[in-house]
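Based on the provided sequences and hints, a complete structural model is requested.
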Amino acid sequence: MPDISFIIPALNEKETLRYTLANLFKTVTQQSFEVIVVDDGSEEDLSGELIDPGKVIYIKNHQRLGVSKSRNRGARQARGQVLVFLDAHVCFVGDWLSKILKKRKQFKDAVMGIMTYPLTDIQVFWEIALSGVPPKKKIKSQPCYGFTMTSLPMPELHAISSKRFHSPFEVPIVTARAMIVEKNLFFELGGFLNELTGYGALEDTEFCMRAWIFGKKVLAFADTECYHCLYGPRSTKSTRVEYEKIPFYTEKYEGGVENAFRIFYLHSSENQFKQLIDFHKNLSGFSPNLSAILTDELKAQKEWISKKRIHDEDWLFQRMKKVG
1 MPDISFIIPA
11 LNEKETLRYT
21 LANLFKTVTQ
31 QSFEVIVVDD
41 GSEEDLSGEL
51 IDPGKVIYIK
61 NHQRLGVSKS
71 RNRGARQARG
81 QVLVFLDAHV
91 CFVGDWLSKI
101 LKKRKQFKDA
111 VMGIMTYPLT
121 DIQVFWEIAL
131 SGVPPKKKIK
141 SQPCYGFTMT
151 SLPMPELHAI
161 SSKRFHSPFE
171 VPIVTARAMI
181 VEKNLFFELG
191 GFLNELTGYG
201 ALEDTEFCMR
211 AWIFGKKVLA
221 FADTECYHCL
231 YGPRSTKSTR
241 VEYEKIPFYT
251 EKYEGGVENA
261 FRIFYLHSSE
271 NQFKQLIDFH
281 KNLSGFSPNL
291 SAILTDELKA
301 QKEWISKKRI
311 HDEDWLFQRM
321 KKVG
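Counting in my numbering, the sequence shown runs from 1 upward without gaps.
A couple of the hints might just be wrong.
As the list claims (entries may be wrong) - With a straight-line cut-off of 16 angstroms between C-alpha atoms, the simulated EDC-like cross-links for lysine to aspartate or glutamate are:
(1) K217 / E182
(2) K103 / E188
(3) K99 / D223
(4) K216 / D121
(5) K274 / E297
(6) K307 / E188
Hint data in this document are derived by calculation from the structure and do not stem from the laboratory.
This is how it looks when you write it as structure tokens:
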């Protein structure tokens with residue numbers, strides 16, 4: 001039985017999936033592990049990119065489920081006691097996993113994440129994936145959101161500038177592009193929220209919020225490096241020329257506004273949620289379709305959370321502000 005289960009949802013990411021897997025097999029050498037690739041109804045065949053079929057379990061969704069349900073499907077298939085959720089477009093440097101697992105027993109009740117840095121150049125992504133060594137000069141000049149890597153206003157660089165190198169340290173959330181959690185804890189917390197749809201679903205944000213109010217911690221490791229490829233839309237209809245016109249990764253936030261409302265509904269009081277609806281209406285001129293958002297399943301989820309939580313919404317937002 002493997003100790004670790006890597007779970008990677010993929011949607012039309014043949015090119016980056018290949019190098020993500022190559023990097024994984026290069027940098028994870030001391031642990032017993034399996035890799036679960038959940039193909040979320042890709043238009044292209046991803047099964048030929050698995051590199052080592054003996055260690056990779058390939059699951060194909062016959063209809064598109066979205067990233068949240070795909071991660072959950074992979075978790076249900078996992079045999080390892082530690083789940084590592086990854087995107088299909090990430091790569092790591094050095095013996096990153098061992099650093100985290102050494103502290104595993106100390107932080108079994110925590111959701112853990114890895115310091116991640118964006119890349120906009122697919123060639124740089126390849127170089128790191130295959131060599132395991134980041135080309136520092138190229139990375140520092142990476143354009144992203146109008147900044148470069150030396151001036152990017154992101155939590156990772158904030159941590160560095162604050163000298164928060166004691167590792168790990170508490171953060172409001174960690175992303176599922178590189179998230180580590182004990183399998184028992186993952187299911188104790190209820191997994192990712194199935195009601196969150198599409199990609200860029202904020203499933204990791206909501207999961208971390210739930211961890212906090214259930215009395216757990218969310219931790220980031222400052223002494224690990226993960227590079228996240230911000231590259232291309234999730235459609236085979238897009239051409240390389242179109243890719244080159246995109247200065248950074250254009251994620252498909254399908255239902256993004258609705259997902260944000262779902263999360264706020266779960267983690268706010270009735271009065272707070274009403275205030276949000278009114279604010280959104282005044283700002284945008286229309287109200288969200290609450291009948292489509294507030295499904296019976298979501299209401300049942302809120303009731304379950306209310307029974308299990310040990311902290312209320314005011315505590316949650318104060319806590320996230322404190323560790324942010």
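Against the structure, the hints come out as follows:
no.: 1; hint: K217 / E182; in the structure: holds (13 angstroms)
no.: 2; hint: K103 / E188; in the structure: violated (21 angstroms)
no.: 3; hint: K99 / D223; in the structure: holds (8 angstroms)
no.: 4; hint: K216 / D121; in the structure: violated (37 angstroms)
no.: 5; hint: K274 / E297; in the structure: violated (20 angstroms)
no.: 6; hint: K307 / E188; in the structure: holds (13 angstroms)
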